[in-house]
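Produce the complete structure using the sequences and hints provided.
Quick mapping for you: the protein sequence lines, in order, are chains A and L.
Per our numbering, the very first residue in the first sequence carries number 1; after that it's consecutive.
Per our numbering, the very first residue in the second sequence carries number 1; after that it's consecutive.
Worth double-checking, as some hints may not be accurate.
No copy labels: a pair is met if it fits in one copy or bridges any two.
Claimed, not checked - No farther apart than 16 Å at their CA atoms in a straight line, the calculated lysine to aspartate or glutamate pairs in the EDC-like style are these: (1) Lys254 <-> Asp106; (2) Lys254 <-> Asp23; (3) Lys182 <-> Asp225; (4) Lys254 <-> Asp19; (5) Lys257 <-> Asp172; (6) Lys182 <-> Glu272; (7) Lys131 <-> Asp106; (8) Lys295 <-> Glu215; (9) Lys77 <-> Glu50.
If you are wondering where the hints come from, they were derived from the structure by calculation, not from laboratory data.
Number of protein chains: 2
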Amino acid sequence: MPLLVVGSVALDTVETPQDRREDVIGGSAVHFSYAASFFTSVRLVGVVGEDWPGEYTEMLNSRGIDTDGLTVVPGGKTFRWSGKYLPNMNDRETLDVQLNVFGEFDPVLPDAYKKCSFIFLANGSPTLQHKVLDQIEGAHLTVADTMDLWINTERDALVELLKRIDGLVLNDSEALLLTGEKNLVKAGHVVREMGPKFVVIKKGEHGAMFFSQYETYVLPAYPTDQVVDPTGAGDTFAGGMMGYLAQQGKFDPKTLKEAMGYGILAASFNVEGFSLDRLKEIDNDALAKRMDEYKQMLTF
Amino acid sequence: MPLLVVGSVALDTVETPQDRREDVIGGSAVHFSYAASFFTSVRLVGVVGEDWPGEYTEMLNSRGIDTDGLTVVPGGKTFRWSGKYLPNMNDRETLDVQLNVFGEFDPVLPDAYKKCSFIFLANGSPTLQHKVLDQIEGAHLTVADTMDLWINTERDALVELLKRIDGLVLNDSEALLLTGEKNLVKAGHVVREMGPKFVVIKKGEHGAMFFSQYETYVLPAYPTDQVVDPTGAGDTFAGGMMGYLAQQGKFDPKTLKEAMGYGILAASFNVEGFSLDRLKEIDNDALAKRMDEYKQMLTF
Chain A
1 MPLLVVGSVA LDTVETPQDR REDVIGGSAV HFSYAASFFT SVRLVGVVGE DWPGEYTEML
61 NSRGIDTDGL TVVPGGKTFR WSGKYLPNMN DRETLDVQLN VFGEFDPVLP DAYKKCSFIF
121 LANGSPTLQH KVLDQIEGAH LTVADTMDLW INTERDALVE LLKRIDGLVL NDSEALLLTG
181 EKNLVKAGHV VREMGPKFVV IKKGEHGAMF FSQYETYVLP AYPTDQVVDP TGAGDTFAGG
241 MMGYLAQQGK FDPKTLKEAM GYGILAASFN VEGFSLDRLK EIDNDALAKR MDEYKQMLTF
Chain L
1 MPLLVVGSVA LDTVETPQDR REDVIGGSAV HFSYAASFFT SVRLVGVVGE DWPGEYTEML
61 NSRGIDTDGL TVVPGGKTFR WSGKYLPNMN DRETLDVQLN VFGEFDPVLP DAYKKCSFIF
121 LANGSPTLQH KVLDQIEGAH LTVADTMDLW INTERDALVE LLKRIDGLVL NDSEALLLTG
181 EKNLVKAGHV VREMGPKFVV IKKGEHGAMF FSQYETYVLP AYPTDQVVDP TGAGDTFAGG
241 MMGYLAQQGK FDPKTLKEAM GYGILAASFN VEGFSLDRLK EIDNDALAKR MDEYKQMLTF
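As structure tokens, then:
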């Protein structure tokens, strides 16, 4: 089934101890879409400026990502993010953020998108995420991401959002911030009790945890020794997870766990190159092969 | 097969945001031995002072832990450690260390111990660990732990030790410190190339990684929401792992992975209470039950 994603589309400038890339394709909706495109067709809603390279759009289209929902603002400039990774490749410093056209992003869904069954609200303000949900007609599964900024500045809107969605994906420090808990397992369940049927806590290089009324589990990250650029790993995780769920057309516990695995593996490839570089090199066979290794690793 | 452990025996004073315990039984060899005693008989080599409560020794004996190698120094005082956990229950501050009789610890193995097939050198100086190995006659499997202090102060002796042992267990920050690497997967293999056939990197609440010439894998920690006192979790991990290996009498890849699992689960119980409190409450059935849950969690 097709998968709808609404989120940021950006030009990133990334610096690591070894290397640097300028104005590469990035943004939550882009990393998400590319990862999801291994599994299903994607409909992307976002906004860019006139400086957005047409070949980036063509590249997305070539992956079965529908960009009819990608608005190009005449005379506008695309959202730009610039960051620098510390030698441990986990911690990073944001050097510059220019919201540009993303600052006034007011997503209007093309009619053809409104009946999408699988919805992902990539990182954006809860107010904006509510606006998207208002346009959706009878979704099957609605999952959102959030971040510390919105927990701190739009807590009420976020708490309301949690009652409207089926799943929430957030990272470890955000889960602690949102709940005031100190223990991640407790935090996961507290977030779940705020509304969503399931909660996924991303732990970066340590994998991801899953919480539902019936299950609590953690799956480790795939151990890679080639960490080139972690930018977008969380969105790539969500894209792999949601892409697989949309492909399967269901989200029972078994399918959800498989989806968690595919999310983790998509993210493990993502960090092995700048931007989408590494994901562009692989095909579904490479993903399937790593899944075999991953399952083997966890079997004893 | 019996398992020999040489390490510290201590009286710990532990403060957490919720509670405090004074002069409870602790030390690397104690946590190790207790965890291992679920699987096999243990021979403990250590040193205490006259202030060591006799009932602690009796409790260890009741678990099949042979304390003929536990020297009581007349007029001496037992090693004391005191620490305080921060609210996240991972970071801690050492408030006080009194080495006392452990400062002059010069382990002499009872003759009956020298032919032990499974050996664990719990945290101690590499010089002391070498002295123990010098007394061993034809061990089957020799594994050591180490820590940042020895990496910084006795690096040469540690590097020599790595050539004499089959396995090394250390934590994540220590692996990075020892190798100068920034990536844990790389660090694990670099340590392995320094001598041991296998290396285990402990990641605390994030589980443990395994490295051999043939395998690289990571297993997550068991997700517990009851973290009362993490003191000794690393030694408990090692005790569960080595105890299982000694019980099985072998250390092929499959057995090693099972052993990693039992180490992780023993540690997950350890953190659920102060000192040995939680481990004292459980039996082998509880361990087996959690192992079933753990395997289930990792199956998809």
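Earlier hints that do not hold, by number: 1, 2, 4, 5
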